[in-house]
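Colleague: Take a look at the letters that make up each chain.
There are 2 protein chains.
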Amino acid sequence: MSKTKPKNSANSGLRPTSRALPIALLRTREHIMEPIRPMLAEIGLTEQKWRVLRILTEIGPLEQTAIARHACLLLPSLTRILSRMEADGLIRRAQDPDDKRRSIVQISKQGSALIEAHQPFSNQVYRDLEKKYGREKLDLLLDMLEEIQEIKF
Amino acid sequence: MSKTKPKNSANSGLRPTSRALPIALLRTREHIMEPIRPMLAEIGLTEQKWRVLRILTEIGPLEQTAIARHACLLLPSLTRILSRMEADGLIRRAQDPDDKRRSIVQISKQGSALIEAHQPFSNQVYRDLEKKYGREKLDLLLDMLEEIQEIKF
DNA sequence: TATTGTTATACTCTATAACTATA
DNA sequence: TATAGTTATAGAGTATAACAATA
Numbered sequence: 057m058s059k060t061k062p063k064n065s066a067n068s069g070l071r072p073t074s075r076a077l078p079i080a081l082l083r084t085r086e087h088i089m090e091p092i093r094p095m096l097a098e099i100g101l102t103e104q105k106w107r108v109l110r111i112l113t114e115i116g117p118l119e120q121t122a123i124a125r126h127a128c129l130l131l132p133s134l135t136r137i138l139s140r141m142e143a144d145g146l147i148r149r150a151q152d153p154d155d156k157r158r159s160i161v162q163i164s165k166q167g168s169a170l171i172e173a174h175q176p177f178s179n180q181v182y183r184d185l186e187k188k189y190g191r192e193k194l195d196l197l198l199d200m201l202e203e204i205q206e207i208k209f
Numbered sequence: 057m058s059k060t061k062p063k064n065s066a067n068s069g070l071r072p073t074s075r076a077l078p079i080a081l082l083r084t085r086e087h088i089m090e091p092i093r094p095m096l097a098e099i100g101l102t103e104q105k106w107r108v109l110r111i112l113t114e115i116g117p118l119e120q121t122a123i124a125r126h127a128c129l130l131l132p133s134l135t136r137i138l139s140r141m142e143a144d145g146l147i148r149r150a151q152d153p154d155d156k157r158r159s160i161v162q163i164s165k166q167g168s169a170l171i172e173a174h175q176p177f178s179n180q181v182y183r184d185l186e187k188k189y190g191r192e193k194l195d196l197l198l199d200m201l202e203e204i205q206e207i208k209f
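Residue numbers (our numbering), protein chains in the order written: chain U, 57 to 209; chain Z, 57 to 209.
Hints listed in this document are in silico derivations from the structure and should not be mistaken for laboratory results.
Predicted, not measured: the structure shown is a model, and the values here were computed from it.
Take these hints with a grain of salt, some might be off.
One copy or two, either will do: identical chains are not told apart, so a pair holds if it fits within one copy or between any two.
[As the list claims (entries may be wrong)] Mimicking DSSO-like on lysine-lysine, the simulated pairs with C-alpha atoms at most 27 Å apart in a straight line are:
| id | residue 1 | residue 2 |
| --- | --- | --- |
| 1 | Lys188 | Lys165 |
| 2 | Lys156 | Lys193 |
| 3 | Lys187 | Lys208 |
| 4 | Lys156 | Lys208 |
| 5 | Lys208 | Lys165 |
| 6 | Lys208 | Lys188 |
| 7 | Lys187 | Lys156 |
| 8 | Lys187 | Lys165 |
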């Protein structure tokens with residue numbers, strides 16, 4: 057019934073790390089990613105590249121500043137990542153004719169094929185999570201996470 | 057009432073990224089970290105070093121394998137991080153007399169002082185979050201995150 | 001034989017600033 | 001003047017393997 061308190065020494069008034077949101081989010085993410093990482097390693101994609109492909113699949117052709125925002129990447133990082141992905145044939149870049157500073161990034165057939173080939177695995181991981189955690193609770197959690205992201209600090 | 061669906065092209069049966077838990081967790085964490093990062097930069101700590109200090113404060117002297125697990129770091133990364141932190145006087149390492157393979161890491165006075173000096177800021181960020189998001193909801197969210205971390209995949 | 005931690009290596013990401021081209 | 005993206009650079013983290021010391 058009663059939770060065991062950490063028997064610590066110098067913890068004067070600081071929340072335990074399990075109740076510190078940034079750390080809790082990180083640990084949860086690491087835990088969730090554990091079964092997913094071997095799959096990404098197998099198809100030779102970093103998590104970052106994977107996110108870029110997912111976002112391009114979801115939204116469609118997109119300028120780089122927007123991709124960086126959606127994928128939680130800095131623009132200089134994205135530049136390098138996209139160069140490599142373009143060389144690997146996963147995406148294409150084209151100058152925006154209306155604003156020549158912009159370049160529009162689009163997923164390639166090969167990139168789409170990679171996403172599609174992975175989809176059964178991804179869905180299976182998700183179903184497993186639904187089964188072990190509960191569909192409604194998972195849905196609620198995703199709602200709650202979205203709501204936090206809308207807060208202005 | 058009805059949620060607006062993303063008007064995308066090739067999104068055949070894949071969850072939107074906002075409903076993919078690893079991405080949602082990452083975005084939420086980035087959003088939360090935004091006001092915290094300038095503070096860390098000011099005191100010259102990376103997020104990783106900050107986590108190590110927090111964990112040592114919470115649990116007390118700890119061997120490196122355990123720190124790595126709690127802080128979501130690989131052991132080789134931790135080795136380098138601790139070397140630097142030891143040189144900077146933030147932690148101390150001592151060989152475990154009972155098992156000479158192990159080394160026990162302990163936070164130093166200077167490290168504790170850094171944590172303490174930061175505490176008002178940390179608490180303020182947390183209160184701000186409670187105020188804008190709701191204390192009960194935040195507590196529920198932390199409970200839910202802890203529960204996910206206990207799932208066996 | 002297995003475990004703790006270190007070292008080595010190659011790759012990747014982060015963070016910041018300076019820069020180019022365009023608006 | 002401001003913005004989109006690139007390049008440069010220094011620092012840091014990731015991932016894997018090999019290793020030494022100890023159990």
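Colleague: Against this structure, judge whether each hint is valid.
Modeller: Each hint tested on the structure:
no.: 1; hint: Lys188 - Lys165; in the structure: neither (35 Å within a copy, 44 Å between copies)
no.: 2; hint: Lys156 - Lys193; in the structure: neither (46 Å within a copy, 46 Å between copies)
no.: 3; hint: Lys187 - Lys208; in the structure: between (34 Å within a copy, 12 Å between copies)
no.: 4; hint: Lys156 - Lys208; in the structure: neither (33 Å within a copy, 50 Å between copies)
no.: 5; hint: Lys208 - Lys165; in the structure: neither (38 Å within a copy, 36 Å between copies)
no.: 6; hint: Lys208 - Lys188; in the structure: between (33 Å within a copy, 9 Å between copies)
no.: 7; hint: Lys187 - Lys156; in the structure: neither (49 Å within a copy, 44 Å between copies)
no.: 8; hint: Lys187 - Lys165; in the structure: neither (33 Å within a copy, 47 Å between copies)
Of the numbered hints given earlier, the model fails hints 1, 2, 4, 5, 7, 8; all others are met.
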